[in-house]
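Colleague: Chains as they are written, first to last, in the working numbering: chain A, 1 to 597; chain B, 1 to 132; chain C, 1 to 589; chain D, 1 to 162.
Simulated from the structure, these hints should not be mistaken for lab results. Just so you know, these numbers come straight off a predicted model, no measurement behind them. The beta-carbon is built from N, C-alpha and C at its ideal position, and this holds for glycine as well. Warning: the hint list may mix true and false statements.
[As the list claims (entries may be wrong)] In silico DSS-like cross-links for lysine-lysine, where the CA-CA straight-line distance does not exceed 27 Å:
no.	chain 1	residue 1	chain 2	residue 2
1	D	Lys98	A	Lys588
2	A	Lys231	B	Lys5
3	C	Lys228	C	Lys48
[What the hints assert, rightly or not] Over 10 Å on every C-beta distance to chain C, these chain A residues come out as not near it, computed from the model:
no.	residue
4	Glu73
5	Arg87
6	Glu153
7	Ile180
8	Trp339
9	Thr411
10	Asp436
11	Val451
12	Thr498
13	Leu500
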Amino acid sequence: MATFKMHLLVCGGTGCRASESENLFHNLRTGIIQKGLENDVQVLTTGCFGFCEKGPIVKVLPDNTFYTMVKPEDAGEIIEEHIIKGRKVQRLLYVNPLTSEKVEDSKHMGFYRKQLRIALRNCGFIDPENIDEYIARDGYAALGTCLTEMTPEQVIELMKKSGLRGRGGGGFPTGLKWEITRASKADQKYVVCNADEGDPGAFMDRSILEGDPHSVIEAMAICGYCIEATKGLVYIRAEYPLAIERLKIAIKQAREYGLLGKDILGTGFDFDIELRYGAGAFVCGEETALIHSMEGFRGEPTVKPPFPSVSGYNGKPTNVNNVETFANVPVIINRGAEWFASIGTEKSKGTKVFALAGKINNVGLIEVPMGITLREVIYEIGGGIKEGKKFKAVQTGGPSGGCLTEKHLDTPIDYDNLIAAGSMMGSGGMIVMDEDDCMVSIAKFYLDFTVEESCGKCAPCRIGNKRLNEILEKICKGEGSMEDIALLRNLSNVVKDTSLCGLGQTSPNPVLSTLDNFYDEYLAHVNERKCPSGQCKALLQYWIEPENCVGCTACARNCPVNAIAGERKGVHIIDQATCIKCGACMEKCKFNAVFIK
Amino acid sequence: MTKIKSLNDLRAIKASVEAKMNLRERSDAPEKLVQVKVAMATCGIASGAKAIMDFMVNELDKRQIPAVVSQTGCMGYCFAEPTIEVTVPGKEPIVFGYVNEKKADQIIEKYIKNGELVEGIIPVNYESIESK
Amino acid sequence: MEMINLTIDNKKIQVEKGTSLLDAAKTVGINIPTLCYLHLHDLDITNKPAGCRICVVEVKGRRNLAPACVTECTEGMEVNTHNIRVLNARKTVMELILSDHPTDCLVCAKSGNCELQSLAHELGIRKLHYQGEQSHYREDTSPAIIRDVDKCIMCRRCEMMCNDVQTVGVLSAVNRGFMSVVAPAFEMNLDHSVCTYCGQCVAVCPTGALTEVDHTNSVIRALADPSKTVIVQTAPAVRAALGEEFGMEPGTLVTGKLVAALRRLGFDYVFDTDFAADLTIMEEGTELLDRLNRHLSGDKDVKLPILTSCCPGWVNFFEHQFPEMRDIPSTARSPQQMFGSIAKTYFADKLGIKRENMVVVSIMPCLAKKYECARDEFKVDGNPDVDFAVSTRELANLIKQSNIDFNSLDDDDFDRPLGESTGAGVIFGVTGGVIEAATRTAYEVFTGKKLEKVEFQQLRGMEWVRSATVDFDGLPIKIGIAHGLGNARKLLEDVRDGKADFHAIEIMACPGGCIGGGGQPLHHGDSSILKARTAAIYREDESKVIRKSHENPFIIQLYEEFLGKPCSHKSHQLLHTHYFDKSKAVEIE
Amino acid sequence: MASINIKLNDQKIAQLQAICKEFNNDKGELINVLHKAQHLFGYLPAEVQEVIAKELNTSVAHVYGVVSFYSFFTMTPKGEYPISICMGTACYVRGAEKVLDEFKRILKVKVGETTGDGKFSLSCLRCVGACGLAPVVMVGEKVYGRVAPDGVKDILDEYLKQ
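Looking at chain A on its own, in the form it has when it is part of the complex:
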């Protein structure tokens, strides 16, 4: 068996493949064999390096050389110079844009990485079921510092200075929230962690609770210290059994160590945490609804004010923050407000975790500094669009958000820019759509969701969303009119303007943002009775191109409704009245004779 002395890692990400990394790989491998080095040097493709704009990438191990923009014809030089002679190919080295220096060892070029993991610092690193590993990574040091060296006011001041804003979507300054709750006088107060992550397509909070539950526990205790609460509650989705399990283990371990319970670290501070389970209601992500749910009621929101900071769980002042917000807290204490505030943009500090999903190559969990552009996220971290298709939109903010398009690709991501662009940060779902996605259908998909999840308390959300959905359905069926589009817009604005809680106040966003950005698609559905991306079944027609049809009868035999007529070896015809648009004929035709009109 061979013992390789060197490895050449060729990026096999979609971005690099598009710039001929496959040919490069081929050239490198044949070059190595030609030189008789196949037992010494291994050539491999890897996943995306997240540096697609400089692709293709070749990384050499063990010396960590990082070549960028390598062309297939460069293979020979790399083998000849670097592998045989041991001299790095200078012209292919990465140039630091700031210093214009060439970087020889990629260990020293960490800054090319677009991601920075703060909230996710321990995810995928420590064993979440072992408190010792958390402690080894500075765990509970922040709590210790706060309890022994800082007054609650100082901690709050530090949180305010850090600029941390709520990561659940609202973006309310965390330090300020703590300060308000601290100012509310009561015999009992509560710290609540909102872990009712409900956006379809978002799983950041789940990942943090599964990968680093102690960071949330520690932060809740710190918050308790600041607002003078001795009790914490985690409201978590029942659909997250693993996160619940890990959180339970973590709470147990923290209690055993005395990091929860009475007289924590000998400071006289008491704090403990209980779990409360959600039961499948998206609206419970709204804090007043969440509190009612914890009290054993229907998860219906109530009007604010009074805010939970003044009157919350059981009528007591309650500080509600979400999982990711809490996960940031210990690091901020440990590293200081200035450090945290140095990351991000002017008004949005730190990082944001996104669940990148949809038609993108590297589906996954990413954490990026505020201010990164969508282009960087999609093309460099996400590795571009699946199957090389054309990017169409990215949906952020879940059912409350909107669709961002090509023109927003270079907008820096932060709370305010996303709102200005007609979407919102939301909790961090980021769903990428390609040319095959019909934006009217996407708007309808979200409205389906809102209609399902509306609590029904206020009229505009209960009935308005239903009507919006019905109009969209009409348009998708090709039965819409220009008047419907006008109605859609007016109703969207009224539902936003008049709904009781955040759910209804944002639910029309997917409609409005698609109306704004993809008006042509709406027009095509309404005026031409066509769905440009071919998604709306009712607007499709399957036809057989006579020139391509050889009369093999495959389509007719597979049609479930016998809508296709034709003699063997004769041209076949689809009866449009009978066709149910299942697409079976198109799938079975080997001669590309079936097409969609």
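Position chains B, C and D relative to chain A; hints supplied.
Modeller: Showing chains B, C and D alone in chain A's frame:
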């Protein structure tokens, strides 16, 4: 477990655990252990991470390779689940994606035993707070 | 008091801190329309879920429109209640509500008296731009209440009444989103629930979703049947409210017109439930004195306090919720049932007709009376003592249907013998009235002395729970009063837990007593109407020559001719009842 | 409307009472109690809700109001193998709807229904957080990732054999 009664207690625990963790990670330490971390969040488990974890534990033992196999949270590479991170003493940690039993077997036989890489490497594409 | 300065529709105003925009606007003559909002000021009952969003206004600096009913005024606020943004939003929301509401207004029981209908008119809704699927639910008819929840607009008033005020807990919002509606558990029918039929849900429903079971046609048919002698009794609270249905000021007493109208409708005899109320006092008062005397003589088994039993909603309530205490209330039947029982025995005998040929109709401010008269224990061989209980609202409708110009009617008098009553019988219609009436009689019987002053001010008022001590010639008698079943519950729990040492307690299921009953003209949230009715009842009492039940000559005659004495064997047979444990009566279909 | 009329035996009632007691018969803990009760019975029939209402000293209407509000709670028993199709956005844009249609077609049931033989029930759920595997289908606790419509039959066959 004994209770941690003060900040100093906490620091002592940190120091000792850190030392232990370094021991198993640092290459120049005499106890050379291979470290395998399996991403065991929901999507990892859903794609079969548990079986991979069991496989690694059993097989490394059977093949008499001194190693520590532990679970960890989501590494973020959901597209490539199950993912595992392998740290061979003296080398950088490497993340392998799309690991099935066949791939796991290759990782042990080729990479852990011989330093030969196998397909499915996921380059780490983020910065940790330590470097910032 | 901290004052707040703000501007509403360019008018500068100053209000107390804590005032809502809705109330602030009212002070300068701006009536912001509302729908789900309900505030019974004198009773401290409020419903403001801020769910209908009709009262939205624009507050400068806010991103969204604000509901005026729950938005507190803050310093420097600039509010616009009718600019184009607000008007468009309000009308659109109204169109949405109507788009999920049947438009069978012409044949709806609430037509003409429907808050949704009036609001649609006020807002000038002429077209529904938004139309689509409507939510459909099963219709539910119980002995007293009809639920047509397709017409429910989720204002949650009924839910608030049923849970917060009455603590009966039958109604809850169920389901979610578009399918959400207010319903009993498992969306079963009311008659499978612990509903007391107090009708307070009906009294506050702004639409036709909750209405009473309508017996007007049955009454018309009975009146048209020559083989039947149809007699009618009218409850005290009816005369203090019926006028409202004919445009009169709340609190107008229409006793004489009421009698005249009933006579014109064709009833053979027009009698008064007040007569039976006097009878009730005789029976219940005697029972009270009996228990009291036994108690004073050291009988440890005697149950005190004695609780009144004339309110059928209250009877249903304790049968369902406190069955273990069902031996405490008086066994006396309610006036309605005493009347029916006497009518179909004593009076039928006098007329020489069979009970089957007599139809007894009662005009009641109450919906629970419909259920009460249908109870098996108040039937003889299947023939009920009271055939139909008709609400004040139904009577008004009956009068209108019969082309009677109510306002121009001349006053008329009740027939005898069952039409003669005392002031004590009249005050049965208000909270505290039954116990005041009982006190008037019990005092004189117990002490043998004549009352100097028949009014007991300490027993009157609108406070939910009241207590007073009446001096029975040196013996302090402690009396408790509660109206609204939630308050009854509190009082009852105190009694159960030994925290209360009352001798007698009066309970009325409805806020204000019968004058606020579920069958009365709708108050639409104006609690001053209830106060006006109360005042009218006390006026009627004052105008009566005889104000103590035991002085009613026809009551005396009834005992002499027929019953013997109070609590005699005969009166036990005809005028008393027993109660059931209904805690397990809930069935699942 | 209660769908199935079950009669609870004393042992089951005792178990339910024990659950309520575990939460101090506190009606604020209603949702936790319902979770446990559903775990015990597999669903929450009317009788179970009545016992809970009594134990927690609240109205049955309130309990039902809560049960009918939260999609996690069900009053109908699920099939032997409950099938849930993730309808999160990631799964949706990767074709979850077509997968759902295929399940509906083969099983001949609608969402929320159980097959006549009681073997399968079909439901949709929100994101299970396995977006990397979209579209995702769960049968019981088992997760199937990257399911295509033509893979539906294979999944079902797995259980039909058993």
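Colleague: Would you mind marking each hint as holding or not holding in the structure?
Modeller: Checked hints:
1. Lys98(D) with Lys588(A): Roughly 18 Å between the alpha carbons, so the hint for Lys98(D) and Lys588(A) holds.
2. Lys231(A) with Lys5(B): Status holds; Cα separation ~20 Å.
3. Lys228(C) with Lys48(C): Given pair Lys228(C), Lys48(C) is violated - Cα atoms ~50 Å apart, limit 27 Å.
4. Glu73: 58 Å, holds
5. Arg87: 63 Å, holds
6. Glu153: 27 Å, holds
7. Ile180: Per Cβ check, Ile180(A) is outside 10 Å of chain C; nearest 16 Å; holds.
8. Trp339: 33 Å, holds
9. Thr411: 21 Å, holds
10. Asp436: 29 Å, holds
11. Val451: Since the minimum Cβ distance to chain C is about 6 Å, Val451(A) lies within 10 Å and the statement is violated.
12. Thr498: 4 Å, violated
13. Leu500: 6 Å, violated
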